[in-house]
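J.: Here is how the chains run, residue by residue.
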Amino acid sequence: MAALDAPTSPRTSGDEPKRRAGTKPARPPVRKITWRAKLRRDRSLLLMTLPGVVLLVLFAYVPMLGNVMAWEKFSPYRGFLGGPWVGFDNFLRVFDNPLFLNAVQNTLAITVFQLVLYFPVPIFLALLLNSVVSPRIRTTIQSIVYLPHFFSWVLVVAVFQQLFGGAGLLSQTLRGLGQQPVDIMTNPDTFLLLVTSQSIWKDAGWGVIIFLAALSTVDPAQYEAAVMDGANRWRRMWHITLPALRPVIILLLILRLGDALTVGFEQLLLQRDMVGAQVSEVIDTYVYFQGVQFGDWGFAAAAGLMKGVVSLILVLGANKLAHVFGEAGVYKRS
Amino acid sequence: MNTTTQLGQVGEIAVQRRSFLGMVAAGAAVVGVPSLLTACSSGEAGVTAEPGATAGTDVLPTYKEIVFAEPDFPSVNGSTAGYASIPADLVQSVEEPPGKGTEFTAMTPLWGTPPPVKGNKYYDAVNAALGSTITFNIADGNDYGTVLATALSAADDLPDWVCVPTWNVPPRFASEVVPNVFQDLTDFLAGDKVLKYPNLANIPTAAWQWSSFNGRLYGLPFPGEVINDVIFYRKDILDGLGITPDVKSADDLLALLKEINNPSAGVYAAADLWNTSTIMHGVVPKWKLVDGKLLHRVETEEYRRSLEWNAEVWAAGLVHPDIDTAWNKELFESGKLLVMNDGIGGWHEALGRQLGTNPSYSQQPLPPFGADGGDPVYYKGQPANIFSFLKKSDDPERIEELLGIANLLAAPFGTTEFDLVNNGVEGVHFTRGADGLPVPTELAPTELQPTYMFLVAPPVVNAKVQYPGFVEASSTFTADAAQYTEEPLFYGVQISEPDEYASIGQPFVDLEKDISRGRKSIDDLDAAVETWRQSGGDQLREFYQGILEA
Amino acid sequence: MTATENSLTNPAIVLEPPAGSRRRPRKSKHRPAWEEPPTVGGAIAKFAALALVVLAVLGPLYTIVLTSLSPQSVISEAGGMVLVPGEITFAAYQQLLDGGVVFRSVVVSIGVTAVGTLISTVVSVLAAFGLSRTDSFLHRPILFVFLITMFFGAGLIPTYLWVSQLGLIDSYWALILPGAISAFNVLILRNFFMGIDASITDAARIDGAGDWRVLGSIVLPMSRAVVAVVALFYGVGYWNAFFNAMLYLRDSAKWPLQMVLRAYVLRGQPPQGTTGTVIELGAGGAVPSLAAKMAVMVLALVPILIVYPFVQRHFTKGVIFGAIKG
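Chains as they are written, first to last, in the numbering used here: chain F, 1 to 334; chain U, 335 to 884; chain Z, 885 to 1210.
Bear in mind the hints are in silico, worked out from the structure with no lab data behind them.
Here the structure is a predicted model, which is why all the values come from computation and not from measurement.
Glycine included, C-beta positions come from ideal geometry on N, C-alpha and C.
Treat the hints with care, since some could be wrong.
[Claimed, not checked] Label-pair ranges, simulated between beta-carbon atoms:
| no. | chain 1 | residue 1 | chain 2 | residue 2 | range |
| --- | --- | --- | --- | --- | --- |
| 1 | U | T865 | Z | R1024 | 45 to 51 Å |
| 2 | F | P135 | Z | R1024 | 39 to 45 Å |
| 3 | F | T34 | Z | S1055 | 30 to 36 Å |
| 4 | U | T865 | F | D183 | 27 to 33 Å |
| 5 | F | L321 | U | T865 | 38 to 44 Å |
| 6 | F | L92 | Z | F931 | 57 to 63 Å |
| 7 | Z | F931 | F | W234 | 17 to 23 Å |
| 8 | U | D392 | F | L108 | 58 to 64 Å |
| 9 | F | K38 | U | E437 | 56 to 62 Å |
| 10 | F | L92 | U | K582 | 52 to 58 Å |
| 11 | F | V68 | Z | L939 | 49 to 55 Å |
| 12 | F | F95 | Z | Q978 | 52 to 58 Å |
Given these sequences and hints, build the entire structure.
T.: Set out below in structure tokens:
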């Protein structure tokens, strides 16, 4: 995973020569090292990953074996290997429906909108907050903006309805002015913008946190040095602040791509009646309505597996792409 | 960026689409259950080896009515009996505690906060009357479908007694779950054997029929009511406007709605009246027999007309825009919308909420009418909405003990047992008011939550005498409406459709919304029906035709 | 937007105005000496943007809190959320906290959150550090063990059957172990660990420090911010979780807060489709008012409001560079 490897340390001051990521000077990549020697050298590291691996094997991988039901007409009373086996029927059924294509289109449209409009917001917000000089004001604002994250989607949608619905504040104001009321909540044409705004309102403040953590790793001495060199604030942002954020931005971007097929199930389900399935049906809701609510476990498992494969491909692809753009990756050892 | 919502997880999270603000749950995803709302359009999911096998008369328990208190408003055509006062003398219907000191577990839903188990005087008192202890595994009612579906997959860990609401019936229930997991009660209750349990014999036959699967008796029913859907209007507000509704047809209703609609004041005429529309147009719940051939409801002329009418209501701007996000009842009770469709049980609940702060609050049902000015058709509600099942046991005595307990819990209105189960212990959970009406104490909401009543219940009665005039109004209305009741085809028979047709009715749930709200035109209905026929609708028709001719 | 006027990460620099500073055009005591003052336009734009953000949150929050404090009559008057304060009452909160059920569940939630967060954070930090060197033994396969779990999940039934087989039904461990490790959080930690200047850790290694020492005395102190953030992510996750509790806890006395609050909010909601007739809700089944629903929202925020400032301190203070770079 390219992004998983920080290309350059944010703390490396500018005058140091840039180092390729993944290379450790004190441990030059010794090519001929035997695996035994490597094992001996890295046994502590292996030991450290052990608890995590054990937990995942126990609680993620063992139950994951149950996905064999994607190839059968599953019943718990026949057991996981009890069949009857139906080949790829469950997979075909996922595609074999005119509604499916529509769901894929909507899913991708929402993902693209969120990537373009939502994704940068927490970054801007973090930079904005970071620029506030008074620590008191800054921490106060910070501890307000994350709060909507803790509201349920039900409440978020209700809040939007109160403001922008047909009987909401905006409409009533327009009526008061003798204008035609507008009902933004039920307009399928602007639905993409609506769901994106809802996501921004709910989660952008929370998303700031991770970037603030990244910003906290910047050594102020770097700014001071830059000022001495005559860099103005824009240049300092470009050359110091953004590079500090870059690794985490790229990591989050790649992981978001891996989630491209997963968009707000609950958020969309709640607004389905208001705007109609035509624009609000996404892959998850489709699978839910076509399979899960009828206890069609095989169907759900098949859909889940396909989504997983696509997500994995997307992440590996994005990783390669990052690679092309000069971010070093795990696969490129020199 | 949240990758924990893999399909495997998301899939099981079902959100009730109808109750919206009701789901305001603290910062958490909302889990509900696949609701009847959707289940209606698809029938009971599942498959069985003997599709639609009906239980023969040799399987069904003998019906023997017992009356401990004469109702003031007797049942008419199956309508709910009403009591204008609480009987002064209660009868003890079961003499000896039926239990033998056994410890049982039971799983029930609860729409409330779970009561404490230790030191709960209500549990202690009921268990003492039972002679055995029932420990409840309570699951939140709105999550019950998910909890039940998972719990049933591990049959060994299942409690002794399991409540299964009809809207939570998992797929392949009749074919796989029932025979694998639950006790066949036929040999204990069939025919006159039930007379050993007189309170169970008091449960109407239709409810037992509906509790039979694959021709055998498995479930203990919680009887339902004949009339469920009611069109309510705010009488107090309409009185204030000087309007006395005289609605005899669909056009009358539309005219009334237009008259009372006032959006600039924030007051709208109605909530979504889709249910109302289907009732007054006489849309069948599922199948209609025309010249010996089955027509699915979506193929009927009535269905089309009720869609058209509802679309007209929406197009005229008569529906409150917030009905999807706000709780309809909240809007109705605060006078922001004036006509809505609700269950009849919603009536006294609203009175309970409102009369305290607003004594002049009044909601009334519109008397029954047909869309064309003729008689309406009320299709009977299911004979039972909730079942319970006993876990399989090799020990007949254990089953008999549980049935004895069920007999006590099914004691009808007018008995000490009914009083105990519903109101708790006098002096602890309630005190008697002047009219004999139990008044809950402060302890009641904490300890007395409905749990036993989800296992088995006597026929429903209406005795909400605390709301002046309510019992009479309600009983009169239901008796009036009950004269128009008809049994739908396949009434009260458990039919498990083949799996592959489970989801073909699903598009109509969306289509009803799309057409009503003007996003699609009525012409789209034809295409949808055509798709339905081709994706299995015609086979489904043959399946049912086969049952009909069998 | 003037974004990088100040990074304010080093308290030593921030809090003491340097003696004999080079220039001091404005009197802000927090502005580092080297930083130029903002332009008027920039300051106005910044203020407007921040004010907008804060108002967008506080506005709705205000109506939520106000509604939770309003009696039914005021809510009926408003027809929903209350905007104009009328009579104020704490009845909704009183009703909610009566009976001790909420209190008991708070204790459960705090316990589960504390233990769960500790386990998750420790295991994740170890795993992230163990994976922070791309040339280590089995690095890539182990990395994939974590990654795969982000894309492929297990179904509900298999998970339930397995957890029940492990004997965790009705055990608090069922609320912690199945979701203890989030690969996402491990990757975030790993990303930060890898960003640490290699020359620092290498120097320690040359001095003979093992991997455990490097993690404990160099990497962790430098990564307080991200560890705090990840702990916060885990903590919030445990605090908000109810799905596992719903599946695995039979005994309602063990319910965590979110389950109780959900039950409370949803209580008296007639089951869909039955139109409510059949369910005699009993004395305790009174449908909660809108005020009660909003009170639940507010109540669920309180613990977050209490804990957040302590966590925030860690990810805004940053690292003490001088001490390490020496």
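J.: Next, verify each hint and record whether it holds.
T.: Okay, the hints, checked on the actual structure:
The supplied range of 45 to 51 Å is met by T865 (chain U) and R1024 (chain Z), whose beta-carbon atoms lie about 48 Å from each other. Hint check: P135 (chain F) to R1024 (chain Z), Cβ distance near 43 Å, so the stated range 39 to 45 Å holds. The supplied range of 30 to 36 Å is broken by T34 (chain F) and S1055 (chain Z), whose beta-carbon atoms lie about 45 Å from each other. Between T865 (chain U) and D183 (chain F) the C-beta distance comes to about 30 Å, which sits within the given range of 27 to 33 Å.
At about 41 Å, the beta-carbon gap between L321 (chain F) and T865 (chain U) stays in the expected band of 38 to 44 Å. Roughly 58 Å separates the CB atoms of L92 (chain F) and F931 (chain Z), a value that falls within the hinted 57 to 63 Å. Between F931 (chain Z) and W234 (chain F) the CB atoms are about 19 Å apart, so this pair conforms to the stated range of 17 to 23 Å. Separation of D392 (chain U) from L108 (chain F) is about 60 Å and conforms to the stated range, judged on CB atoms against 58 to 64 Å.
Range check, K38 (chain F) to E437 (chain U): about 59 Å between beta-carbon atoms, so the 56 to 62 Å window is met. Against the hinted window of 52 to 58 Å, the Cβ-Cβ separation of L92 (chain F) and K582 (chain U) comes to about 53 Å, which satisfies the hint. Our hint of 49 to 55 Å for V68 (chain F) and L939 (chain Z) holds, since their Cβ atoms are close to 53 Å apart. Taken as a hint, the range 52 to 58 Å holds for the pair F95 (chain F) and Q978 (chain Z), whose Cβ atoms sit roughly 55 Å apart.
Checked against the numbered hints given earlier, the structure breaks only hint 3 and satisfies all the rest.
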